[in-house]
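Visitor: Given next are the chains, with one letter for each unit.
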Amino acid sequence: MTTNAIPGRLRAIAGAALLLQISCVGQLNGPGNEGDDEGGGDDGGGLTPSDCTDLGPPMLRRLTSAQLRHSLEAIFQDPTVPEGAVLVDPVVNGFRVDATEAVIRDLDAQQLMTYAELVADWAVTQKLGQLVTCDTAQADCRRQFVADLGRRVQRQPLSDASIEAYAAMLDAETSFADGAEVVIAAMLQSPMFLYRREIGEPDPDQPGQNRLTPYELASNLSFMLTDRPPDDALLSAAADGRLGTVEDLEREAERLLGTPEAAETLGQFARGWLETDDLESRAKVDPTNQLTDDVRRAMLAETDALFVDLVRSGGGVKDLLTAPYTFVNQTLASYYGLPGVGGDQPQRIDIPPGTRPFGILGHGSVLTRHALADSSSPVQRGKLVRERFLCEDIPPPPPNVNPTLGDPMGAVTTRQRYEQHAVDPVCRGCHDRMDPVGFAFEHFDGFARPRDQEGGVPIDATGVLRGMPEGDIALDGVDSLTSYLADSTAVEECLVRYLSYYSYGLDGCNQDAIRGDVEESGSTLKSMVLAIIRAPQFSRRAAR
Amino acid sequence: MPMMNRRDFARGLGAAAIAAPFFSLLRRAPAQSSPPRAKYLLIFFTNGTDTAAWTPAGSTESRIAFSPMTEALAPLAANLTLVEHLSSFGTADNHGAPGGLSGIGYSGFNHISVDQFIADGLRAAGVTTTIPSLVLGGVSTEQQSTFWREGQRLSPLFSPQSAYETIFAGAGPGGQLPPEVIRRRRSALDLVKGELDQLAGALGAEERRKLELHTDSIRQLEERLSGSGSDPGACSPAGAPAGGGQPLLDSELHLDLAVTAFACDITRVAAVEFGNNQSTQVSIPEIGEAGDWHNSFLHGDNPRTRLVNLERWLCERFVATADKLKATPSPDGDGSLFDHTLMVWARDMGDAVIHNGDMRFVFSGGAGGYLRTSPEGRYIDGGNDAHQRALVTCCHAMGVTSYDGFGDPNAPRTPLEALIA
Numbered sequence: 032m033t034t035n036a037i038p039g040r041l042r043a044i045a046g047a048a049l050l051l052q053i054s055c056v057g058q059l060n061g062p063g064n065e066g067d068d069e070g071g072g073d074d075g076g077g078l079t080p081s082d083c084t085d086l087g088p089p090m091l092r093r094l095t096s097a098q099l100r101h102s103l104e105a106i107f108q109d110p111t112v113p114e115g116a117v118l119v120d121p122v123v124n125g126f127r128v129d130a131t132e133a134v135i136r137d138l139d140a141q142q143l144m145t146y147a148e149l150v151a152d153w154a155v156t157q158k159l160g161q162l163v164t165c166d167t168a169q170a171d172c173r174r175q176f177v178a179d180l181g182r183r184v185q186r187q188p189l190s191d192a193s194i195e196a197y198a199a200m201l202d203a204e205t206s207f208a209d210g211a212e213v214v215i216a217a218m219l220q221s222p223m224f225l226y227r228r229e230i231g232e233p234d235p236d237q238p239g240q241n242r243l244t245p246y247e248l249a250s251n252l253s254f255m256l257t258d259r260p261p262d263d264a265l266l267s268a269a270a271d272g273r274l275g276t277v278e279d280l281e282r283e284a285e286r287l288l289g290t291p292e293a294a295e296t297l298g299q300f301a302r303g304w305l306e307t308d309d310l311e312s313r314a315k316v317d318p319t320n321q322l323t324d325d326v327r328r329a330m331l332a333e334t335d336a337l338f339v340d341l342v343r344s345g346g347g348v349k350d351l352l353t354a355p356y357t358f359v360n361q362t363l364a365s366y367y368g369l370p371g372v373g374g375d376q377p378q379r380i381d382i383p384p385g386t387r388p389f390g391i392l393g394h395g396s397v398l399t400r401h402a403l404a405d406s407s408s409p410v411q412r413g414k415l416v417r418e419r420f421l422c423e424d425i426p427p428p429p430p431n432v433n434p435t436l437g438d439p440m441g442a443v444t445t446r447q448r449y450e451q452h453a454v455d456p457v458c459r460g461c462h463d464r465m466d467p468v469g470f471a472f473e474h475f476d477g478f479a480r481p482r483d484q485e486g487g488v489p490i491d492a493t494g495v496l497r498g499m500p501e502g503d504i505a506l507d508g509v510d511s512l513t514s515y516l517a518d519s520t521a522v523e524e525c526l527v528r529y530l531s532y533y534s535y536g537l538d539g540c541n542q543d544a545i546r547g548d549v550e551e552s553g554s555t556l557k558s559m560v561l562a563i564i565r566a567p568q569f570s571r572r573a574a575r
Numbered sequence: 015m016p017m018m019n020r021r022d023f024a025r026g027l028g029a030a031a032i033a034a035p036f037f038s039l040l041r042r043a044p045a046q047s048s049p050p051r052a053k054y055l056l057i058f059f060t061n062g063t064d065t066a067a068w069t070p071a072g073s074t075e076s077r078i079a080f081s082p083m084t085e086a087l088a089p090l091a092a093n094l095t096l097v098e099h100l101s102s103f104g105t106a107d108n109h110g111a112p113g114g115l116s117g118i119g120y121s122g123f124n125h126i127s128v129d130q131f132i133a134d135g136l137r138a139a140g141v142t143t144t145i146p147s148l149v150l151g152g153v154s155t156e157q158q159s160t161f162w163r164e165g166q167r168l169s170p171l172f173s174p175q176s177a178y179e180t181i182f183a184g185a186g187p188g189g190q191l192p193p194e195v196i197r198r199r200r201s202a203l204d205l206v207k208g209e210l211d212q213l214a215g216a217l218g219a220e221e222r223r224k225l226e227l228h229t230d231s232i233r234q235l236e237e238r239l240s241g242s243g244s245d246p247g248a249c250s251p252a253g254a255p256a257g258g259g260q261p262l263l264d265s266e267l268h269l270d271l272a273v274t275a276f277a278c279d280i281t282r283v284a285a286v287e288f289g290n291n292q293s294t295q296v297s298i299p300e301i302g303e304a305g306d307w308h309n310s311f312l313h314g315d316n317p318r319t320r321l322v323n324l325e326r327w328l329c330e331r332f333v334a335t336a337d338k339l340k341a342t343p344s345p346d347g348d349g350s351l352f353d354h355t356l357m358v359w360a361r362d363m364g365d366a367v368i369h370n371g372d373m374r375f376v377f378s379g380g381a382g383g384y385l386r387t388s389p390e391g392r393y394i395d396g397g398n399d400a401h402q403r404a405l406v407t408c409c410h411a412m413g414v415t416s417y418d419g420f421g422d423p424n425a426p427r428t429p430l431e432a433l434i435a
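Those protein sequences? They're chains S and Z, same order as listed. Those letters in the first sequence? Residues 32 to 575, per my numbering, in order. Those letters in the second sequence? Residues 15 to 435, per my numbering, in order.
Please keep in mind that the hints were generated in silico from the structure rather than gathered at the bench. Bear in mind that the values here come from a model prediction, so they are computed numbers and not experimental data. Honestly, I wouldn't trust all of these hints.
Claimed, not checked - Not everything, but these chain Z residues come out facing chain S in the computed CB check (under 8 Å): (1) His99; (2) Phe103; (3) Ser169; (4) Ala216; (5) Gly218; (6) Ser231; (7) Ile298; (8) Glu300; (9) Gly305; (10) Thr319; (11) Asn323; (12) Thr415.
What the hints assert, rightly or not - Which stretches of chain Z does chain S cover? Using the computed rule of at least three CB atoms under 8 Å from a CB of chain S, they are: (13) 56 to 68; (14) 334 to 345; (15) 389 to 399.
As the list claims (entries may be wrong) - Under 8 Å between C-beta atoms, here's a sample of chain Z residues computed to sit facing chain S: (16) Thr74; (17) Ile232; (18) Ala304; (19) His369; (20) Ile434.
All residues carry an ideal CB built from backbone N, CA and C; glycine is no exception.
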């Protein structure tokens, strides 16, 4: 098991991990068992609190492979732009947005060159008539082509020198088409295309600080909320000086949040946060073959849809955990045994009492992904709650301990097998934080199907969430867990932390400020997104 | 998963610089006469295993008594050494640990995996190929590989098609590019380099490092363009493979690419990763019911029948690769590729069931006569010696005999004599 928490703590070193193992034992019922500060230790590896007044230095963020793809579709306004296997996105904390780990190295430049040439060839063959409408025999027309294309590729107007350089490259070829092809290929290999820039310009009112340029802000906002480059409206706002204030950014953010692309991006965040992104490829032993690919996709779509709905409708963490409605298509409704839903698209329905648990922790995506191939997994489900809702670290099992559960005499249910962890003192330290939380989910098997018994033995879904500020929280079923978590400020803080990481690509330095802002603005999911945008780290950098 | 960050990286550089004079005192005097050497290194890389099931109990230094898990390696016996009970000293006792190939645990700095270290050593010794090293395979949906450079994990080329294009198409020695294409590419790359320089001026040292990596990647590409048009020799890459997206089956295709890359002398160092860490889904009929290598095969099954089947399947891939190397002439016309290749099966950790750093390796290949052999295979009990010595043996076999900058300087950095002819 890995500790899939966020980098500040994650960059814990082996020594710190050892401390954590001890801490599992030592702090079971202790107060302040938050995990947040433990992993930082003295390794200097993470962002320590003293760093947290920093705005951070000017930086570059390499486009992710999805952002590269989306950018090409936007530049050429065509979804059929050729595919390419370029740019691998390091998976960090379940997300693919890490600002530090994503680089271009080794054979990447060659792959990018080959791909850029492929796209350039396609563009000149398929799109040249749309890319240029003037008389290409005229030098001004050719410069205009470079300037127009360059603005879309670089997400900002090209400098005069840059226009000259590309125009000279174009004019060195014997035909306009050849020249255009060379220019397109070069532009798509440009660092001005491949990296988002967060550099800024010195702010005369704030010595020592850079303020990001309007175009940089436009890119930040757009990639954060839609995973895509800024659209024409956003580029125009940047050009016209309408991105200068926090209110400007909020206005554009509100607009973008209403787009289908934002819905897709918010859903992607939810999948990373809940670690459900690989649900479609997880091996499942399903002799009845009910868990089809369509069901898996519909499960993911359900969670995406609830998250997006709550962001847009002003919902908060409490709603996320206790919403009495959900979004299912016919396939998933039938899988869940809910009547009266047709069609492929998720539809909002009220959850009939006694059928499914309310809220995101009852979703098929979560229950199926956090399970084994053929059974539920109290460990995985408990770990999900600890790491992804409470931002605690769970260290890997210590060396030389066999975590494989045996089949003790008389054990019939999953719970009975996992209860061995509570008997063995070596296991108990950490597993006491996970298993008794996971037991609360036992009314749902590894396929998210409800059950009252397992092997003829009635399900026991009692458990305990240890070490909370209020003490140990007794559990019985998913609803008891969600009703506690729904009112926990720790869950809200944890979600802010993940959202902040997703937005900045770095573990947040600014969470106190963001959390304060969130609280003042109503603690909704949308207020979290907007607080991240309002934070100085979004629009400022320390000057070099 | 704990990670190094930029500050650790910078600090590590500092520490290495300060400590360097001391380390050099520990260095062994070079051998009087140069030993026989391998020209190619192929690292076959997998997850840890169930060591009890792997151990070939009853084996001796002159005969392997194969366990069910290893017996599919038997056809290679005359060129096979199994080494086990080497200790990682805490650097490789969990899934995806960095120490398996680098000898350095999470708390260390400047991790470099043995393949990268050897590639650098070869380059420093004037052995230049158009690609310094290849890291192939892995699982695209998982964290990055267990291969490292300058403290950063490397991304393997996941897709066999993409790897094929990168290795063989266009800029490779097999490609005869028209001068016009080369001129255009150079002019585009010149422009890109100018923009990289300009951007670098606005950044601090840490962020500039990203652009340095990018610039270095372009420099490698330019070198390949310079080599374009050279004699393709005996090298004849087949068509692009059609990978199906199932990671282990794709890795099998990558093995073929590695062999062909050797045949074309495009690289001397290739690593193929089978699976990665904890989320490799396996759906191969002869292994059994589909499942998750980590959750199902290592930690779920009891007995671990599917793990044994999977390891046998991996053994078969290892043997099949040896057979391909045997069937492929060496680019210099001297025997087969197998005669000159050191094949090593390495792992991220030791016992993956109970999580420890009790490491084991499979050594094979003709390796230029470097390895000691026995007709019925050789088995060596490492007696808890440092597993780093097995990695250092790879360096030594490839003629890279200065180990400064590799592994843990406080653990022994000498080759395992028992392996050497």
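Visitor: Each of the hints needs a verdict: does it hold here or not?
Guide: Do the hints match the structure? See the list:
| no. | hint | in the structure |
| --- | --- | --- |
| 1 | His99 | violated (14 Å) |
| 2 | Phe103 | violated (11 Å) |
| 3 | Ser169 | holds (4 Å) |
| 4 | Ala216 | holds (5 Å) |
| 5 | Gly218 | holds (5 Å) |
| 6 | Ser231 | holds (4 Å) |
| 7 | Ile298 | violated (11 Å) |
| 8 | Glu300 | violated (16 Å) |
| 9 | Gly305 | holds (5 Å) |
| 10 | Thr319 | violated (13 Å) |
| 11 | Asn323 | violated (15 Å) |
| 12 | Thr415 | violated (25 Å) |
| 13 | 56 to 68 | violated (count 0) |
| 14 | 334 to 345 | violated (count 0) |
| 15 | 389 to 399 | violated (count 0) |
| 16 | Thr74 | violated (28 Å) |
| 17 | Ile232 | holds (5 Å) |
| 18 | Ala304 | holds (4 Å) |
| 19 | His369 | holds (5 Å) |
| 20 | Ile434 | violated (31 Å) |
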